[in-house]
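Trainee: So for the sequence shown, our numbering puts the first residue at 15; every next one is plus one.
Hints should not be assumed to be uniformly reliable.
Said to hold, decoys possible - Pairwise CB distance ranges (calculated): (1) MET15 with ALA62: 30 to 36 angstroms; (2) TRP47 with PRO16: 28 to 34 angstroms; (3) MET15 with ALA69: 36 to 42 angstroms; (4) ARG84 with SER17: 37 to 43 angstroms; (5) PRO16 with PRO72: 29 to 35 angstroms; (6) VAL79 with GLU51: 21 to 27 angstroms; (7) GLU51 with PRO83: 28 to 34 angstroms.
Because the hints were derived from the structure by calculation, they are not lab data.
As the structure is a computational prediction, the values presented were derived from the model and not from experiment.
Every residue gets a Cβ at the ideal spot worked out from N, C-alpha and C, and that includes glycine.
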Amino acid sequence: MPSIRDWRRRGLGQAALRRLLERGAELGCLQAWVLTERDNAAAAALYASVGGEVASPPPVMVEFVLEPPR
Numbered sequence: 015m016p017s018i019r020d021w022r023r024r025g026l027g028q029a030a031l032r033r034l035l036e037r038g039a040e041l042g043c044l045q046a047w048v049l050t051e052r053d054n055a056a057a058a059a060l061y062a063s064v065g066g067e068v069a070s071p072p073p074v075m076v077e078f079v080l081e082p083p084r
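Between the sequences and the hints, there should be enough to build the whole structure, so can you do that?
Mentor: Next up, the structure:
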């Protein structure tokens with residue numbers, strides 16, 4: 015049986031997050047955010063790879079500015 019480690023570093027989280035943000039923009043959302051702990055390096059790397067920017071001290075809030083579809 016595959017473990018969760020078998021699915022890491024394949025771009026699945028990045029693809030899912032990109033699509034979620036795209037859908038939010040399609041629905042008219044102008045901003046999205048998530049909260050994570052400052053020491054969660056995997057989450058921070060994922061959010062940064064999709065364009066998120068740290069917006070607060072711990073717990074870390076990461077913001078995404080959404081653009082309407084073209």
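Trainee: Need the list of violated hint numbers for this structure, in ascending order.
Mentor: Structure breaks no hint.
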